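Modelling step: build the complete structure from the supplied sequences, incorporating the hints.
One-letter residues, chain by chain:
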Amino acid sequence: MADIRYTKDHEYIRVEGDTGTVGITSYAQEQLGDVVFVELPSVGKKVDQGAEAAVVESVKAASEIYAPVAGEVVAVNDALESAPGTVNEDPAGAGWFMKIKIADASQLNGLMSEADYTSYLATLS
Amino acid sequence: MLNRQGRPSQAGDSGLHSIKTFTGNRALEQVEPLLFEIGRLEATGVDLDEPAAFTPRLGGLVRKDGIGLPGLSEPETMRHFVRLSQKNYAIDTGIFPLGSCTMKHNPRLNEAMARLPGFADIHPLQPQSTVQGALDLIAQLKDWLKELTGMPDVDMTPKAGAHGELSGMMAIKAAIIAKGEAATRTVVLVPESAHGTNPATAALIGFTVKPVPARENGLVHVDDVKALLGPDIAAIMLTNPNTCGLFEKDIVAIADAVHAAGAFFYCDGANFNAIVGKVRPGDLGVDAMHINLHKTFSTPHGGGGPGAGPVVLSDRLAAFAPLPLLEKNGNSFALCESEKTAEARGAHPYGRITAFQGQMGMFVRAFAYMLSHGADGMRQASEDAVLNANYIRAGLRDLMSQPFGDKPCMHEALFDDQWLKETGVTTLDFAKAMIDEGFHPMTMYFPLVVHGAMLIEPTESESKASLDLFVAALRDLAMAAKAGDTERFTQAPRLAPRRRLDETLAARKPVLKWVPPTPLSEAAE
Amino acid sequence: MRYLPHTDTDRSDMLAAIGAGAIDDLFTGVPAEKMLKDPVNLPRRKSELEVARILGGLAAKNIPASTVPFFVGAGAYKHHVPATVDHLIQRSEFLTSYTPYQPEIAQGTLQYLFEFQTQVATLTGMDVANASMYDGSTACGEAVLMAHRVTKRNKAILSGGLHPHYAEVVETLSHMANDRVTRLPADVKAAEDIVPLIDSDTSCVVVQTPDFFGNLRNLKAIADACHAKGALLIAVFTEVVSLGLITPPGAMGADIVVGEGQSIGNALNFGGPYVGLFATKSQYVRQMPGRLCGETVDAEGRRGFVLTLSTREQHIRRDKATSNICTNSGLCSLAFTVHMTLLGSEGLSRLARINHANAIKLADMLAGVKGVDVLNPSFFNEFTVKLNKPAAPVVEKLAAKKILAGVPVSRLWPDAGLDDHLILASTEVNTDDDRAALVAALKEVL
Chain A
1 MADIRYTKDH EYIRVEGDTG TVGITSYAQE QLGDVVFVEL PSVGKKVDQG
51 AEAAVVESVK AASEIYAPVA GEVVAVNDAL ESAPGTVNED PAGAGWFMKI
101 KIADASQLNG LMSEADYTSY LATLS
Chain B
1 MLNRQGRPSQ AGDSGLHSIK TFTGNRALEQ VEPLLFEIGR LEATGVDLDE
51 PAAFTPRLGG LVRKDGIGLP GLSEPETMRH FVRLSQKNYA IDTGIFPLGS
101 CTMKHNPRLN EAMARLPGFA DIHPLQPQST VQGALDLIAQ LKDWLKELTG
151 MPDVDMTPKA GAHGELSGMM AIKAAIIAKG EAATRTVVLV PESAHGTNPA
201 TAALIGFTVK PVPARENGLV HVDDVKALLG PDIAAIMLTN PNTCGLFEKD
251 IVAIADAVHA AGAFFYCDGA NFNAIVGKVR PGDLGVDAMH INLHKTFSTP
301 HGGGGPGAGP VVLSDRLAAF APLPLLEKNG NSFALCESEK TAEARGAHPY
351 GRITAFQGQM GMFVRAFAYM LSHGADGMRQ ASEDAVLNAN YIRAGLRDLM
401 SQPFGDKPCM HEALFDDQWL KETGVTTLDF AKAMIDEGFH PMTMYFPLVV
451 HGAMLIEPTE SESKASLDLF VAALRDLAMA AKAGDTERFT QAPRLAPRRR
501 LDETLAARKP VLKWVPPTPL SEAAE
Chain C
1 MRYLPHTDTD RSDMLAAIGA GAIDDLFTGV PAEKMLKDPV NLPRRKSELE
51 VARILGGLAA KNIPASTVPF FVGAGAYKHH VPATVDHLIQ RSEFLTSYTP
101 YQPEIAQGTL QYLFEFQTQV ATLTGMDVAN ASMYDGSTAC GEAVLMAHRV
151 TKRNKAILSG GLHPHYAEVV ETLSHMANDR VTRLPADVKA AEDIVPLIDS
201 DTSCVVVQTP DFFGNLRNLK AIADACHAKG ALLIAVFTEV VSLGLITPPG
251 AMGADIVVGE GQSIGNALNF GGPYVGLFAT KSQYVRQMPG RLCGETVDAE
301 GRRGFVLTLS TREQHIRRDK ATSNICTNSG LCSLAFTVHM TLLGSEGLSR
351 LARINHANAI KLADMLAGVK GVDVLNPSFF NEFTVKLNKP AAPVVEKLAA
401 KKILAGVPVS RLWPDAGLDD HLILASTEVN TDDDRAALVA ALKEVL
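Chains as they are written, first to last, in our numbering: chain A, 1 to 125; chain B, 1 to 525; chain C, 1 to 446.
Source of the hints: derived by calculation from the structure; they are not laboratory data. Being a predicted model, the structure only gives us computed values, none of them experimental. Built from N, CA and C at the ideal position, the CB exists for glycine as well. Incorrect hints may have been included.
Derived Cβ-Cβ restraints for the label pairs, each shown as a range [said to hold, decoys possible]:
#, chain 1, residue 1, chain 2, residue 2, range
1, C, T182, B, H348, 49 to 57 Å
2, B, A260, C, H87, 52 to 60 Å
3, B, T93, A, E30, 33 to 41 Å
4, B, D485, C, R44, 30 to 38 Å
5, C, A416, B, G66, 36 to 44 Å
6, A, S82, B, G484, 37 to 45 Å
7, C, N41, B, V449, 46 to 54 Å
8, A, S82, C, S66, 51 to 59 Å
9, B, R475, A, A61, 42 to 50 Å
10, B, R475, A, E30, 27 to 35 Å
11, B, H348, A, D104, 25 to 33 Å
12, B, T93, A, A115, 54 to 62 Å
13, C, T28, A, A115, 48 to 56 Å
Right under this line is the structure:
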């Protein structure tokens with residue numbers, strides 16, 4: 001069973017074994033509005049925790065996606081290139097951005113659980 | 001119907017455009033295809049005779065693709081572009097209250113003067129002895145700008161406001177390099193309310209941008225600046241009057257603190273039009289400030305340029321002004337165009353930011369504007385601009401919310417969207433409903449520090465009657481929004497040449513040029 | 001004051017409605033000790049007649065191109081602009097409108113920008129063009145910055161045939177941004193060999209054709225060499241009319257094409273305003289600077305146009321924007337589009353042939369003058385000659401005879417050792433009489 005963790009920047013990382021799938025939360029896509037473009041890193045890129053790993057753009061905003069944990073990008077979701085709207089339609093599923101091979105699993109402990117994230121969202125409105 | 005690509009070019013079935021006509025035209029509003037859809041490859045609107053036979057000397061580099069641009073005859077060209085013009089809102093058709101943009105009347109005398117052959121038909125590199133009048137005009141315009149700003153020098157070359165920012169910040173960087181501090185002074189302070197051009201300019205030339213918070217009164221406090229100052233700070237970029245329409249009252253203390261810390265004070269002069277003849281940036285401690293001739297001095301905005309952005313410089317920066325430099329020797333004028341000759345005169349130009357010597361066409365217009373107004377008229381224009389903004393603010397303050405309380409503004413009145421809460425109407429909807437009422441909307445969602453911002457700048461060009469109608473219409477809209485008539489807003493505009501446009505589609509699948517339709521024979525293959 | 005609608009009664013009524021006693025009550029934020037007590041020390045207001053007299057007097061001290069035999073080029077060119085162009089750009093709805101932020105009431109501006117982008121992309125042989133830059137030189141500077149973003153490198157190589165002002169703009173930007181530039185020495189006869197200089201650190205090579213000295217350059221080999229090293233080729237032109245006759249840069253492998261569009265639709269204006277053209281390949285569109293107009297549909301499915309891909313720009317991206325540029329050169333791009341529409345392919349190619357034919361005539365006549373050597377192996381409407389004495393004083397002497405003969409290379413390139421070199425342009429405006437007058441005058445002063 002996959003463990004999902006969240007950042008304060010509204011990214012999620014779904015952990016399966018030593019790999020995490022990174023995307024943005026439903027709340028984030030709603031705030032952003034219609035996603036029109038996603039700039040993804042190249043496979044093989046090494047990222048530090050908190051480093052800029054991708055950019056997601058709506059018509060009127062551009063937001064950086066930061067790596068929730070350090071590691072190496074092992075896959076990116078090329079399908080977003082031709083269908084960026086998937087991020088809006090299915091952010092937790094088909095709208096994922098990249099898979100990271102996690103360098104240090106202990107960094108996950110610093111991220112929020114599902115319950116923590118839900119209460120974090122409640123503080124924002 | 002004239003659209004060869006099968007795209008709908010007629011009104012749809014919903015909304016008030018639903019009255020159908022055979023042509024798709026609606027009386028004075030004409031459907032106008034792209035020129036490529038009505039033009040023909042062999043058509044031309046100029047009469048040119050083929051030259052006598054000659055042997056080309058093109059080194060074999062002859063174009064072979066036939067170019068592929070359809071042409072139109074002169075009457076077709078005239079009609080095409082006149083019809084397009086009729087789909088535009090303009091200052092000459094109504095109030096254009098875009099905050100921070102200063103859409104004031106564009107006197108046609110200025111257009112006529114700029115078109116005098118002695119200004120429009122001279123080449124930037126023809127002998128200087130043959131352009132003494134043009135150089136004299138630039139010299140006089142410089143003198144006027146120096147007097148109005150209280151600053152000792154002006155770089156006339158920048159081609160627009162953002163270009164002026166770039167030139168001013170380059171002069172600052174050159175001064176820092178000259179002091180041997182380039183490695184340490186790498187940070188530029190920029191308030192969060194600033195125009196996007198400020199951080200973009202600083203970043204462009206290698207500075208790191210650090211935001212300065214604004215206090216709840218919409219102003220930057222000197223203590224907040226002091227807390228950030230240190231040996232790493234190169235400059236602060238501060239807009240004054242600021243983008244919230246307020247005069248930064250700590251400005252002199254901020255300038256003193258910045259100078260004491262060995263940094264420079266760049267002032268974004270986009271809003272200089274509020275204070276011309278009332279207070280001089282040079283008396284406030286400014287080191288560099290660009291002046292948007294297309295705002296303050298009324299050169300036409302032309303649908304997005306051309307502008308002009310001369311930048312005034314303090315004594316600390318004047319020596320670093322870019323090439324070319326303008327010199328007066330007795331009664332004659334000369335351009336100093338090379339670094340060597342400039343150095344020989346004790347100047348240290350940081351380089352060059354454009355070919356030639358700036359936006360002459362804009363200089364003539366701005367100078368005609370200044371001569372027309374005179375010292376008295378320019379002061380009156382600033383006062384009227386401030387009066388008009390406050391008149392609008394006073395007319396709407398009981399219905400709409402002001403983010404920083406009920407106090408006087410400078411040349412633009414700022415509202416937020418607090419008052420629209422629970423109505424289901426957004427700032428965008430409200431703006432679009434103004435279109436149906438025959439107004440160009442105000443600036444929306446800027447400055448970024450104010451939620452759902454509506455920034456209204458009427459300028460001094462509006463009469464009291466014009467302002468009264470504008471205020472009455474906005475009051476009617478505000479009351480409708482509060483009364484729950486949301487359709488009037490969410491469906492707006494309904495009466496413009498187009499309803500709301502799908503910007504998501506445009507950005508997801510960019511179509512940035514016309515592509516000739518594929519002939520049927522090829523498509524079938 | 002004729003531009004200010006309020007009467008004094010209006011003003012006092014409005015102050016009362018605001019609840020202010022006097023106008024200075026509204027300037028409360030201004031430090032009292034800094035408020036000016038009196039008007040600044042400048043003359044008082046003037047009538048239309050007075051202003052026209054003053055400016056007319058200044059204008060009369062200049063020699064307009066159309067009043068004399070005129071052969072000055074080197075980055076700006078005297079062409080005939082049809083009367084229709086100036087009429088259309090003075091339409092109120094174009095002249096006095098703003099950047100099309102509200103597309104529902106700015107379709108006129110947006111549609112012509114879309115037409116402009118199409119014309120520029122087609123002329124240059126590229127996939128996509130933006131809605132214009134300030135001028136050719138700033139477009140060139142922006143192109144180099146864009147190449148740095150695309151390649152993630154920071155070294156530019158500038159051809160010795162690049163207009164010196166353009167090269168200086170790139171050098172200045174690069175110096176300020178801590179990027180690297182290699183600028184080659186003046187290359188009068190297009191003889192330089194750039195290819196060996198391109199290495200795996202090189203971001204871009206900047207080559208002008210027709211170049212500053214008038215030579216045409218085949219860019220194909222340089223493009224191939226760039227691409228082999230992962231660098232971009234930036235092609236530059238200052239005379240856009242040349243594209244009516246010569247191979248477009250896009251067909252020679254250029255990655256970014258920038259140039260000056262003044263020649264089509266725009267007056268000389270002593271150097272500005274002009275219109276910078278900027279085109280590139282589709283894959284780089286999100287790294288482009290400047291405004292872009294795109295096609296879309298409205299809520300009723302009708303075709304319309306909007307500004308698009310705005311997330312590249314400063315008002316959204318702030319310090320991460322592709323450029324700090326805010327305006328384009330709107331009205332000048334309209335002038336370009338109207339003139340280009342009147343020309344069409346047919347008119348443009350004929351105009352280009354007339355220019356070329358006139359330049360050939362001039363070159364042949366000058367070749368027959370003692371003390372004049374025409375240097376160019378190839379050219380479009382501009383070429384360089386070597387005189388038997390320094391060019392600058394010769395140009396001054398001819399100016400005194402009311403003939404504007406060209407640009408001495410020393411004016412733009414003082415240290416190149418080319419004081420005896422002169423660049424002359426000949427466009428459709430030159431007559432046989434103009435050329436004869438130039439040749440006769442040259443014979444007198446050489």
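Taking the hints in turn, this is what the structure says about them:
1. C/T182 x B/H348: 49 to 57 Å: violated (24 Å)
2. B/A260 x C/H87: 52 to 60 Å: holds (57 Å)
3. B/T93 x A/E30: 33 to 41 Å: For B/T93 and A/E30 the Cβ distance comes to about 39 Å; the hint holds.
4. B/D485 x C/R44: 30 to 38 Å: violated (51 Å)
5. C/A416 x B/G66: 36 to 44 Å: Holds - the Cβ-Cβ distance for C/A416 and B/G66, about 39 Å, lies within 36 to 44 Å.
6. A/S82 x B/G484: 37 to 45 Å: holds (42 Å)
7. C/N41 x B/V449: 46 to 54 Å: Distance hint for C/N41, B/V449 is violated at roughly 38 Å.
8. A/S82 x C/S66: 51 to 59 Å: Holds, since A/S82 and C/S66 (Cβ atoms, about 54 Å apart) stay within the stated range.
9. B/R475 x A/A61: 42 to 50 Å: violated (32 Å)
10. B/R475 x A/E30: 27 to 35 Å: Because 33 Å falls inside the window, the suggested range holds.
11. B/H348 x A/D104: 25 to 33 Å: For A/D104 against B/H348, whose Cβ atoms are near 52 Å apart, the range 25 to 33 Å is violated.
12. B/T93 x A/A115: 54 to 62 Å: holds (58 Å)
13. C/T28 x A/A115: 48 to 56 Å: For C/T28 and A/A115 the Cβ distance comes to about 52 Å; the hint holds.
Taken one by one, the earlier hints fail for this structure at numbers 1, 4, 7, 9, 11, listed in ascending order.
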